[in-house]
Amino acid sequence: MPAFDSADMAAFFDPDMPGYALAEVKGASVSGILRQPRADAFGIVEGNAFSFVGLETDLSEIREGDISVIANREFTIGSVRREYPGMITLSLML
Amino acid sequence: MSHAASLILAEVAKRLADIHPVYVSPPPTIPVDALPAIFLEDISDEVVESLDFGGPLQERRALRFAVFGCIASTAALLMIADAGDLCAGIEAMLLANEDARTLGGLCRPGLNRLATTYRNDSESLQRPVGGWSLQFECQYHSNTGTPV
Chain S
1 MPAFDSADMA AFFDPDMPGY ALAEVKGASV SGILRQPRAD AFGIVEGNAF SFVGLETDLS
61 EIREGDISVI ANREFTIGSV RREYPGMITL SLML
Chain R
1 MSHAASLILA EVAKRLADIH PVYVSPPPTI PVDALPAIFL EDISDEVVES LDFGGPLQER
61 RALRFAVFGC IASTAALLMI ADAGDLCAGI EAMLLANEDA RTLGGLCRPG LNRLATTYRN
121 DSESLQRPVG GWSLQFECQY HSNTGTPV
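These protein sequence lines are chains S and R, in that order. Each residue of the first sequence is one higher than the one before, counting from 1 in the numbering used here. Each residue of the second sequence is one higher than the one before, counting from 1 in the numbering used here.
Isolated chain R (complex conformation):
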């Protein structure tokens, strides 16, 4: 596999799987009893800059995705503390040091966290579910063409 965005996502999923099972969007529904789980969501790979001099097409791309650490709890208020622990675990895996941020050198500029949002649903199921969703961006360069 040489597609850079896919390589990066695969490495993210591999590292996060050391914490809890990882599902990539669009995931199948999983039973509430299977939580905690981590979902990779809102994946996009956007060209933010390109240069074409008739030679190799140079692109700078921005891979963006969200990591949703989802847990179930016995009460909505109790969930916040447990969700925080999982959020900290995700941060440690992807942001704690240079190796984590660059995914072992795979993504040299490193991962940037853009925002974090808290999602909570205490009405739909027999247990409150939710957690923190962390949005990441990783910019990288690629040569996608060949000289004419």
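Here chain S stands alone, though its shape is the one from the complex:
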């Protein structure tokens, strides 16, 4: 996967991007994309699979179990994954 330059990143996390949200991380406000697709467990329980994608430089200090307020909702960080170059994906639990 190619690396993204700063212009790419600025486009990804532009306030006009669908899902754009601000996260409070360690006292700082961080831009990112909040995803909340429908999902299910065991094929019988349905809900949302919340995740937040942001810049690796903004989210490098965040750890599993941390609390973050994203789009005015308080989430617990379930996992921290590096799926895309320069970005971090957080799975979120209510």
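In case anyone wonders, no lab produced these hints; they're calculated from the structure. Fair warning: there could be bad hints in the mix.
As the list claims (entries may be wrong) - Taking beta-carbon pairs under 10 Å as the criterion, some of the chain R residues facing chain S (in silico):
hint : residue
1    : Thr29
2    : Val32
3    : Ala34
4    : Ala37
5    : Cys70
6    : Tyr118
7    : Asp121
8    : Ser122
9    : Val129
The C-beta atom is built at its ideal place from N, Cα and C for all residues, glycine as well.
For this one, chain S is given, so just place chain R on it according to the hints.
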């Protein structure tokens, strides 16, 4: 309703509904906010022995099903304790005494628990969900034919 397996399952569902809502497989998906819930799954009714002397067809059948007590929690580790409470509640309803095991005399040989497995999904949804799935068997005899 005279179908023995259905009668037994209906009685199981009725008793478990005193704990939490019961859904019979294949269930509709229910919202995570509706948990705890109990699912009756993997239902089978198998002939394990039959005798045919030209008269009534005597069968011994084994009704097997799983009772999945599903809860949601705030953390995967916390869920184990809560799931244990629900598992104990299911056991009390179906195994605690003679009336429970025989479903009030409906199933005279009584319910047997075959195995228990723990199911956990802490990745898919906004909250970890899962619990203990208890597998039961109930053997019973039936006359399914008429004299020739």
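Checklist entry - Taking 10 Å as the limit, does the beta-carbon of Ala34(R) come near enough to a beta-carbon in chain S? => result 8 Å, holds
Checklist entry - Regarding the hint that Tyr118(R) lies at the interface with chain S, is the smallest CB-CB distance below 10 Å? => result 13 Å, violated
Next on the checklist: Checking hints one by one. Is Asp121(R) an interface residue toward chain S, by the C-beta closer than 10 Å rule?
Outcome noted: Where the cut-off is 10 Å and the nearest Cβ of chain S is about 4 Å from Asp121(R), the hint holds.
Next on the checklist: Using the nearest Cβ pair, does Thr29(R) come within less than 10 Å of chain S?
Outcome noted: 4 Å, holds
Next on the checklist: Just to be careful: measuring from the Cβ of Ala37(R) to every Cβ in chain S, is the smallest value less than 10 Å?
Outcome noted: The hint holds - Ala37(R) has a Cβ within 10 Å of chain S, the shortest such distance being about 8 Å.
Item to check | chain S contact restraint on Cys70(R) - CB to CB distance below 10 Å | outcome: 6 Å, holds
Checklist entry - With 10 Å as the cut and Cβ atoms as the points, is Val129(R) at the interface with chain S? => result Constraint on Val129(R) satisfied, holds at 5 Å.
Next on the checklist: So, as I understand it, the hint says Val32(R) touches chain S; can you test that by seeing if any CB pair is closer than 10 Å?
Outcome noted: 4 Å, holds
Item to check | When the least beta-carbon distance from Ser122(R) to chain S is tested against 10 Å, hint result | outcome: 7 Å, holds
In terms of the numbered hints stated before, the structure departs from hint 6 and from no other.
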